[in-house]
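From just these sequences and the hints, can you work out the full model?
One line per chain: the protein sequences are C and R, in this order.
Note that our numbering gives residue 100 to position 96 of the first sequence, counting from 1, and the numbers run on in steps of one.
Note that our numbering gives residue 40 to position 36 of the second sequence, counting from 1, and the numbers run on in steps of one.
These aren't lab readings, by the way, just hints derived from the structure by calculation.
Mixed in with the good hints there might be a few duds.
As the list makes no split between identical chains, a pair holds if one copy fits it or if it spans any two.
No more than 25 Å apart at the CA atoms, straight line, and that leaves these computed lysine-lysine pairs for PhoX-like [what the hints assert, rightly or not]:
{"#": "1", "residue 1": "Lys118", "residue 2": "Lys167"}
{"#": "2", "residue 1": "Lys82", "residue 2": "Lys166"}
{"#": "3", "residue 1": "Lys38", "residue 2": "Lys167"}
{"#": "4", "residue 1": "Lys111", "residue 2": "Lys82"}
{"#": "5", "residue 1": "Lys82", "residue 2": "Lys94"}
{"#": "6", "residue 1": "Lys94", "residue 2": "Lys39"}
{"#": "7", "residue 1": "Lys105", "residue 2": "Lys94"}
{"#": "8", "residue 1": "Lys118", "residue 2": "Lys82"}
{"#": "9", "residue 1": "Lys166", "residue 2": "Lys38"}
{"#": "10", "residue 1": "Lys94", "residue 2": "Lys38"}
{"#": "11", "residue 1": "Lys167", "residue 2": "Lys30"}
{"#": "12", "residue 1": "Lys82", "residue 2": "Lys105"}
There are 2 protein chains.
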Amino acid sequence: MSISMSSASLPICATMLSNLGHMLDKAQAFVDDKKCDPAALTQYRLAPDMLPFTRQILIACDAAKNGVARISGVEAPKFDDTETTLAELKARIDKTLAFLKSVPADKLDGTEAKEITFPVGRDASRTMRAEAYLKHWMLPNLFFHLTLVYAILRHNGVELGKKDYLLGAAG
Amino acid sequence: MSISMSSASLPICATMLSNLGHMLDKAQAFVDDKKCDPAALTQYRLAPDMLPFTRQILIACDAAKNGVARISGVEAPKFDDTETTLAELKARIDKTLAFLKSVPADKLDGTEAKEITFPVGRDASRTMRAEAYLKHWMLPNLFFHLTLVYAILRHNGVELGKKDYLLGAAG
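As structure tokens, this is what we get:
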């Protein structure tokens with residue numbers, strides 16, 4: 005009895021990205037209700053030198069997609085990062101979820117000691133064992149960007165609670 | 005070869021709470037440098053109906069402390085939640101880290117199927133198996149409150165980057 009690499013990655017990524025999609029639905033409802041420019045949300049940054057909402061979502065998606073691809077060895081689709089609207093961002097999440105669903109659990113299981121080399125910033129790379137990479141890099145990154153999306157929406161008045169962030173947490 | 009309950013909890017909590025302490029050091033340096041009222045940070049909320057900085061830190065600490073206590077069955081110390089200053093918050097993190105260090109790994113290992121009942125909100129409780137509780141509840145909560153601390157500091161001009169959040173990620 006112990007935790008497998010697939011169960012420590014796929015369902016967490018899938019649940020959290022579904023919750024991210026749910027938060028975008030609430031953002032869309034907010035924009036519709038307030039009749040405001042959606043760019044007020046999608047281009048919002050919590051600080052001038054932080055990434056805007058749109059990029060936070062793309063990076064959250066890629067944290068899951070590229071992380072699972074690196075660990076499993078299954079090639080991930082490349083996306084062009086051209087999304088600007090809430091609908092396009094939602095579609096990006098859905099494409100990422102479809103990729104996650106396509107990765108067989110047994111490609112992830114047993115990879116604990118596999119060496120993963122991944123880019124860090126623009127000019128550097130880092131190598132970690134897959135188990136450490138998953139627990140100490142990939143998932144912390146996923147939660148980080150997801151929570152920044154939540155923070156941006158809450159800061160701008162979208163009604164969300166932690167239950168929206170934790171929606172669908174498997175019992 | 006697979007992931008143990010102790011390795012999926014203790015080092016992640018310890019690393020992330022150490023990083024939280026490091027972020028508080030940067031917050032203290034910011035306050036000293038700007039000669040501003042530290043309450044401008046510690047009482048800051050990203051939205052009027054969100055919890056302030058101080059509570060985000062207490063909840064992050066308790067997510068780790070209470071989570072590890074529930075899974076391991078090791079009784080956790082109770083704290084009075086009276087912290088208001090950055091130094092007191094730092095001490096709370098240190099006390100939490102000391103508790104985590106005191107929990108033997110073998111009290112956590114093998115608990116995957118153990119039923120954990122925990123409070124949700126003020127009047128409800130929920131029961132999950134320990135493995136699901138750790139992966140889908142405890143850790144997402146820890147990362148959530150930690151990232152909100154980061155977001156509050158960044159929004160207020162404290163110079164932090166993702167490397168501060170991911171500091172000490174074990175290779």
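Going down the list of hints, with the structure as the test:
1. Lys118 <-> Lys167: between (35 Å within a copy, 24 Å between copies)
2. Lys82 <-> Lys166: Intra 31 Å, inter 24 Å, cutoff 25 Å: inter-copy only.
3. Lys38 <-> Lys167: For Lys38 and Lys167, only the intra-copy Cα distance (23 Å) is at most 25 Å; the inter-copy one is 37 Å.
4. Lys111 <-> Lys82: within (20 Å within a copy, 43 Å between copies)
5. Lys82 <-> Lys94: within (16 Å within a copy, 42 Å between copies)
6. Lys94 <-> Lys39: within (20 Å within a copy, 44 Å between copies)
7. Lys105 <-> Lys94: within (17 Å within a copy, 42 Å between copies)
8. Lys118 <-> Lys82: within (23 Å within a copy, 40 Å between copies)
9. Lys166 <-> Lys38: Within. Shortest intra-copy distance 23 Å satisfies the 25 Å Cα cut-off; inter-copy 33 Å does not.
10. Lys94 <-> Lys38: within (20 Å within a copy, 41 Å between copies)
11. Lys167 <-> Lys30: Within one copy only: 13 Å inside a chain, 30 Å across chains, cut-off 25 Å.
12. Lys82 <-> Lys105: For Lys82 and Lys105, the Cα distance is within 25 Å only inside one copy (16 Å; across copies 42 Å).
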